[in-house]
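A.B. asks: Spelled out from the first residue to the last, the chains are:
Number of protein chains: 2
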Amino acid sequence: MPSGYDGRVLQTLDRHQAGVGDRVAIDSDIRYTGTIMPRYHHSDDSHIVLKLDNGYNVGVSIRNITGISILERRPSAPPSAPPPEPRSDLPDILLVSTGGTIASRVDYRTGAVTPALDAAQLGESMPELYDMANIRPLRLLSEYSENITPEHWLEMAGAIHRERSGYAGIILAHGTDTMHYTAAYLSFALAGCDTPIVLTGSQRSSDRASSDAALNLAGAVSAIAQGIPRGVYIAMHHTQSDDDTAIHHGTRARKSHASARGAFRTINGEPAYMVRGGVLERHTHGDYWDGAPYSPAISVDRRAALVKYHPGYDAALLDHMAEGRRAVILEGTGLGHVGREAYHSIRSMIRRGIFVGMTTQCIEGRVRMTVYESGRDLLDLGVTPLRMIPETALVKAMWAASRDMDMRDTMVSEMASEMV
Amino acid sequence: MPSGYDGRVLQTLDRHQAGVGDRVAIDSDIRYTGTIMPRYHHSDDSHIVLKLDNGYNVGVSIRNITGISILERRPSAPPSAPPPEPRSDLPDILLVSTGGTIASRVDYRTGAVTPALDAAQLGESMPELYDMANIRPLRLLSEYSENITPEHWLEMAGAIHRERSGYAGIILAHGTDTMHYTAAYLSFALAGCDTPIVLTGSQRSSDRASSDAALNLAGAVSAIAQGIPRGVYIAMHHTQSDDDTAIHHGTRARKSHASARGAFRTINGEPAYMVRGGVLERHTHGDYWDGAPYSPAISVDRRAALVKYHPGYDAALLDHMAEGRRAVILEGTGLGHVGREAYHSIRSMIRRGIFVGMTTQCIEGRVRMTVYESGRDLLDLGVTPLRMIPETALVKAMWAASRDMDMRDTMVSEMASEMV
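Going down the list, the sequences are from chains R and D.
Under the numbering used here, the first sequence has 369 at position 369, and the numbering climbs by one with no breaks.
So the number in the numbering used here is just where the residue sits in the second sequence, counting from 1, plus 1000.
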């Protein structure tokens, strides 16, 4: 575990054979007793950070230290217990871990974030899950979701496609930052997958009292155990309350709060399902995939871009973006507008065969380009209005660009319950 | 007024000396009686669109027309009435019109959108406003707000600065698409202006039954008449209901619905004021501008850009964006993250002296870059966390880049009640 200490501070610690997590007494102007904490990277570089017995942290300057005595060594982690024997009366669920907060653990004695839990430990840390399902863990990635790339999407889709057989459902533990982008990708790449796929994560790490990890994971398990139909979903806290898990269509949700537990919202509607007091409630009309064949199409092409338009937007950026691009998704204003200043570049992109689709930067509501002159002008230029949230439109364009399909036809046809 | 007709259809109409708005009888396979509507640009080009007396529109093919008789000519608009005499017991308000839906009128007989109303007609079409204030109209621009540019911001700020003297307040009638960008600009450029400035607009044009124009304008007038303190505000419907007008700080609101009347929301908080049943209620703490001097600083520099980050974002676009840019505002994921793939380009921008600020694409919540490794990495690269919504951060950067001020100091110091 990186301690954050270097230079003279690290030398001081090394000289006394002390390290992060050790309980020590430091003799300086006075005697400090406490646990050595990892040094926060941006903090002062001439102090040892000590968590005192009263819970407060202090920085002890190394300048005045006369001695460090080890009172107790950092305890090692307890050995993992094996998961319980599978029960024939319970459904089998595959729990794929990819990283994110749900797979992090903060050691509150030291304050350090320990290396990512894998799916086995995730299951273990919430033994109540084994009363609902037999959970087989699979560790696939260990990335915070801001680092998830389209190539990771391929890995996830590939693993689910290969491993899905025999499972009542698959849970993907994923960081929340870009969970909705991944969910949208899996929705298109694994369209109609014969096993329901539920992404879940947490906004607070699993060992914090306020953690949402257990409820979110339990909600995902519960939805599958109660036979949620095929589809790709996001299962997360509905509000700040621990009572309900919202189950969103993977193509219709956004992370709408940076830190709150009820961060995900279905745009222009209610969540497709809810787990309330452990009971799965259906809110969506009909079963989108009912009778549809499973048609995996696992490929991606990065040559799509998303542009949030604003007053003073430099149209030269669009001209540059056109180079080597297959599709540009505009996040326009209002009902789907951009200013006249951008028309020339848009016309030129469309003439070069680049697909230009319109979404709205207003969070709610729909694109309607026939109402105002600007919308009609853009339709005349060949811009295609899209009935999708911008994030889903981008991901769909990256997917469509990799298939041998007409881009415009693909973007205006509903393929994975994405139309809002 | 453009009729939308051209080619053979226009010839047919001209031959019979008929035009949009005329009530006619068209003899074809049967006889159609109704009013000629403007042809919608994207519709079929061989039909005349007729609004029948039962209210439905039909397209009559010109192929079979044997005659068109004019039953009644399109009526001309009634002459404008002069505004009432100013009353000494009422406050004086300057109503500046810039265009937008609030200044449009749909002629329901013909379906056409008539040329923009100017501020005088706006006042006239809502005579009840003259019971609350003496309203002096000033027509400044006639643009839908998707076409508003930073140069228009200068015009608006200049007009307000020049004309403000003697008024209890200034109302700016503005399209809603980019109203929040303009409001943010005026907040910085006219910081502490000695006259309150209230932007208002409408989501439905003023002559529609469901129009919000009258309530929004009345809310703005009412807030000024009741002595709202100095500041730049957005006054719009609070919800779909006609009961309340929300008065948002101009630096903290977003258009959050493409079409609903209650489209504007204060992010991370409640509106600063409300007008409920005609009474101004204060919700904000303290008076932001209390005692502050008026410091107009009307200039702008377009060399700032806003980037919404997403998985698979092409870092080469950042490299290109760096050319000639003074500031780049990132709309990151979660607490303020972008993927590792973008680090190299960000480092290189910062080394070149470009200011790189971080906001979040989650609608609510705040940037906190010390929680996760990614945030700390980005702090190390020199990215500055911002306590503003992305739109305000962009506008502030465009303004700050035009001033002789340290960009980073300016961006992290509160200057116009913008911190959320």
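Derived from the structure by calculation, the hints contain no laboratory data.
Cβ coordinates follow ideal geometry from the N, Cα and C atoms, glycine included.
Any given hint could turn out to be false.
Here are some of the chain R residues that sit facing chain D, going by a computed Cβ distance under 8 Å [claimed, not checked]:
1. Ile148
2. Pro150
3. Thr176
4. Thr178
5. Tyr181
6. Ala258
7. Glu331
8. Ile350
DEER-style ranges, computed between Cβ atoms [claimed, not checked]:
9. R:Pro229 - D:Arg1347: 44 to 54 Å
10. R:Met405 - D:His1047: 45 to 55 Å
11. D:Gln1240 - R:Glu373: 37 to 47 Å
A.B. asks: Are the hints correct? Go through all of them and say.
C.D. replies: Going down the list of hints, with the structure as the test:
1. For Ile148 (chain R), the shortest C-beta to C-beta distance to chain D is roughly 5 Å, which falls under 8 Å, so the interface hint holds.
2. The restraint placing Pro150 (chain R) at the interface with chain D holds, with a minimum CB-CB distance near 4 Å, inside the 8 Å limit.
3. Given hint, Thr176 (chain R) at the interface with chain D, holds; its Cβ is 7 Å from that chain's nearest Cβ, closer than 8 Å.
4. The beta carbon of Thr178 (chain R) is positioned within 8 Å of a beta carbon in chain D (closest approach about 5 Å), and the interface hint is therefore held.
5. Because the closest C-beta pair between Tyr181 (chain R) and chain D is about 5 Å apart, less than 8 Å, the hint holds.
6. Here the hint on Ala258 (chain R) is kept, as its CB sits about 3 Å from the closest CB of chain D, short of 8 Å.
7. Taking 8 Å as the C-beta contact cut-off toward chain D, the hint placing Glu331 (chain R) at the interface holds, the least distance being around 7 Å.
8. Here the hint on Ile350 (chain R) is broken, as its CB sits about 16 Å from the closest CB of chain D, past 8 Å.
9. At roughly 47 Å, the beta-carbon separation of Pro229 (chain R) and Arg1347 (chain D) lies within the given 44 to 54 Å, and the hint holds.
10. Taken as a hint, the range 45 to 55 Å is violated for the pair Met405 (chain R) and His1047 (chain D), whose Cβ atoms sit roughly 34 Å apart.
11. For Gln1240 (chain D) paired with Glu373 (chain R), a C-beta distance near 26 Å fails the hint of 37 to 47 Å.
Of the numbered hints stated above, those contradicted by the structure are hints 8, 10 and 11, listed in ascending order.
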